[in-house]
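Participant: If you want the building blocks of each chain, they are given just below.
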Amino acid sequence: GQSLEQPSEVTAVEGAIVQINCTYQTSGFYGLSWYQQHDGGAPTFLSYNALDGLEETGRFSSFLSRSDSYGYLLLQELQMKDSASYFCAASSPPGGFKTIFGAGTRLFVKA
Amino acid sequence: DSGVTQTPKHLITATGQRVTLRCSPRSGDLSVYWYQQSLDQGLQFLIQYYNGEERAKGNILERFSAQQFPDLHSELNLSSLELGDSALYFCASSDLPGTSGTGELFFGEGSRLTVL
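So the protein sequences, as listed, match chains A and B. FYI, the numbering for the first sequence is 1 to 111, going by my numbering. FYI, the numbering for the second sequence is 1 to 116, going by my numbering.
So that you can see chain B by itself, here it is in the shape it has in the complex (with noise of 0.2 Å):
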């Protein structure tokens, strides 16, 4: 267990609809990651924030945005969603810049999206 968690773990919707993925990440970790993969593909980085800032930007589209809240959870939102949206979603926290010094990700299980 990472101590990451996503919910939901799984999600069906149609195309056109929107939909929230929730991430908590590890207790102490400022900072949250969001990456898509696709079937059978690599992890597409999507955006970073720490402790509630933008950070870091990926090949994010318009159509999705997140934010981190005070709490430090953060949310993933997806809108207009289209059949090639269907992917497994992680959300990954670090302790960036924290003292590690190897800025490991911890992963949570994902949310797998399927778009019929």
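Just chain A, same shape as in the assembly (with noise of 0.2 Å):
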């Protein structure tokens, strides 16, 4: 089968920095991706790693190493406004067309 696990839920303070984690089983694997999510909205697009290692967009960072099935991303100098579910998406075969999401992490920021 084919999943993605990540908690459920992070609570942290304006200005911090905070870090979601995913892991993925799946059948085949082309990369991971990072969405973000506020209520009532669509998922935009954040970050992807098809290779190990770390990605850096402004204040979002994302990290994958294949060999562990492992992922996270990582949010610096929150901001309100970062109070969103983030989700994690793996793309699988066949030809990367299949993308599954995890459940998602609700994330809160606090003042």
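Don't read these hints as lab results, they were simulated from the structure. The reader is advised that the hints may include incorrect statements.
Sample of chain B residues at the chain A side, in silico, Cβ under 8 Å [stated by the list, open to error]:
#1 S2
#2 G3
#3 T5
#4 F45
#5 L105
#6 G108
The C-beta atom is built at its ideal place from N, Cα and C for all residues, glycine as well.
The task is to assemble the complex, starting from two chains supplied on their own in separate frames and drawing on the hints.
Facilitator: Here it is in structure tokens:
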């Protein structure tokens, strides 16, 4: 089967750093993506890792270890507007078309 | 604005009925994906089409079907509706297997289905 595990909820204070972990189990693997979804909104793409290592995009960074089937999203200098749900998603065969999402991590940023 | 258009935005219907959700992908995107998101749940992958052909299937119920037309728009048909089918249905598109390399999915705003 295919599954992704991530914590259901994380709370942090404004200005802090938070890490959201994701472990995956898929039949074949192309890459790991991260998406942000605010309440009532559509998911929006944050980052993608196909190779091991760290990808940095502004305040957000994402890491992948293919050997450990593990990745994380790192959010720095947290702002109140970062309060949202964050989903990891794994792309797998056929052709990377199948993109399976984790259950999501709800991030609460407190003042 | 992601460029993906979904209609209708809201739909209320009764059990046993049939509905059709429509999706127009971003200009140039050949791949269309359908996801179901129940209240406070994750995104459940239903089905994916590429240039009119089904390429990947998730846990889509037999009561549900989809297709992608020559103009690349897609429709998701839900029949014999049950209370548990109430959810937000998202369509997404991508240029996969395009040149971006990320397979980024661009999501529409979703169609909220309520079955009474």
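Participant: All hints, please: hold or fail.
Facilitator: Tested hints:
no.	hint	result
1	S2	holds, 7 Å
2	G3	violated, 11 Å
3	T5	violated, 12 Å
4	F45	holds, 5 Å
5	L105	holds, 6 Å
6	G108	holds, 6 Å
Checked against the numbered hints above, the structure breaks hints 2 and 3 and satisfies the rest.
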